[in-house]
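The listed protein sequences correspond, in order, to chains H and Z.
Per the numbering used here, residue 1 is the first one in the first sequence, and the count goes up by one each step.
Per the numbering used here, residue 1 is the first one in the second sequence, and the count goes up by one each step.
Hints are computed from structural coordinates only; laboratory data are not their basis.
Heads up, a few of these hints could be off.
The list makes no distinction among identical chains, and a pair is therefore deemed to hold if it is satisfied within one copy or across any two copies.
[Stated by the list, open to error] Calculated lysine to any residue pairs in the SDA-like style (CA-CA distance at most 20 Å, straight line):
hint : residue 1 : residue 2
1    : Lys-95    : Ala-128
2    : Lys-40    : Ile-107
3    : Lys-165   : Glu-142
4    : Lys-146   : Leu-196
5    : Lys-95    : Asp-21
6    : Lys-23    : Ile-60
7    : Lys-40    : Leu-24
8    : Lys-95    : Leu-196
9    : Lys-95    : Ile-110
10   : Lys-23    : Tyr-73
Residue strings, one per chain:
2 protein chains.
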Amino acid sequence: MTHRYCPDCGAPCVEKVPEDDHKLRSVCTGCNAIHYVNPKVVVGCIVEAGDQLLLAKRNIEPALGRWTFPAGYLECLESCAEGAARETVEETEAKVEPLGLFAMLDIPHISQIYAVYRARLVGDHFAATPESSEVQLMGMDEIPWKDLAFPSVATSLRLYAEDRKSDSFRTHTGIVEWNGEGSRFDLEQYRLRDHLAR
Amino acid sequence: MTHRYCPDCGAPCVEKVPEDDHKLRSVCTGCNAIHYVNPKVVVGCIVEAGDQLLLAKRNIEPALGRWTFPAGYLECLESCAEGAARETVEETEAKVEPLGLFAMLDIPHISQIYAVYRARLVGDHFAATPESSEVQLMGMDEIPWKDLAFPSVATSLRLYAEDRKSDSFRTHTGIVEWNGEGSRFDLEQYRLRDHLAR
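Just chain H, with the same shape it has in the complex (with noise of 0.2 Å):
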């Protein structure tokens, strides 16, 4: 149950199918409202300056204490690009220019979506908030891949890692997935899955 109570009237909920629905709902007992509940969207920077990329030592839970590049969810009445600039601001005081869609991935078991933005790190300040215990620029041989905070930014920075190689960066989509070897708190065992694939 996601509502127990209607939070329009403060009455009761139940969870039902809905007419011409096909998924239980929670359903208000006293003004019958239908409260939907939706993936979220959550928006983040790969951040470059130079050969160098920004990533913050989260402050917060979870992954209290493991490097990710700046992202959060989306907030109402902003575009995805905004969201992913402000969030960055928000946990490492940098200010960005974003410079293309870089990934759009489905996280379907935690009902996420992620749209990550390559970005420009626009003059040379960043620094640590109380989101963030670290703030750093690093070379790609200093990413610390076994210290991640989650698969999506493990994923994410992966894709980058080989695209950079070539210089050619495109956008990519697909389903981040455990991908069934070792352990599933490894998050070196998580992989795009095609999102067409059958």
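Assemble the complex: chain H is given as a structure, and chain Z must be docked to it using the hints.
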């Protein structure tokens, strides 16, 4: 105010900026839960059958009686391509094979993003449904441009028509917005603005 009552405990909510946040949120006066509201993802298919596209006349509000390609809200636990194919079945009974991401469009003023796939009709079955009063295959010169349902639909089909002329499809990104000319209710006055432009 997005939540008058807490969906978890039923107590009244107040609108305030939580600590370490920057936006107004609905916060429960009973259990202190913060209730975030985020943009929704719409997924759809531009369905190709030879030289024709599969379009549906909406049998539900909004835009009742106007034409669209099959599209609807992404559900939890599904990928965007799966959702686009599911919506196509629900609205047209057509089975499709998604071919790739054609457009990822920001529509910030209504807090939506659109993920539009090119898809191939599998078999030849399609039919009217509770959601669609008519479902038809149409040539590019039959598309009812003046009678499309939403700016996102008109913008996507316009981009598709352009790419189709050169038989060269790419992944389009941008912000769907009124171009400032004519009427806001005229879908032909909506264009795709570069989402990276300042």
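So which of those numbered hints doesn't the model satisfy?
4 and 9
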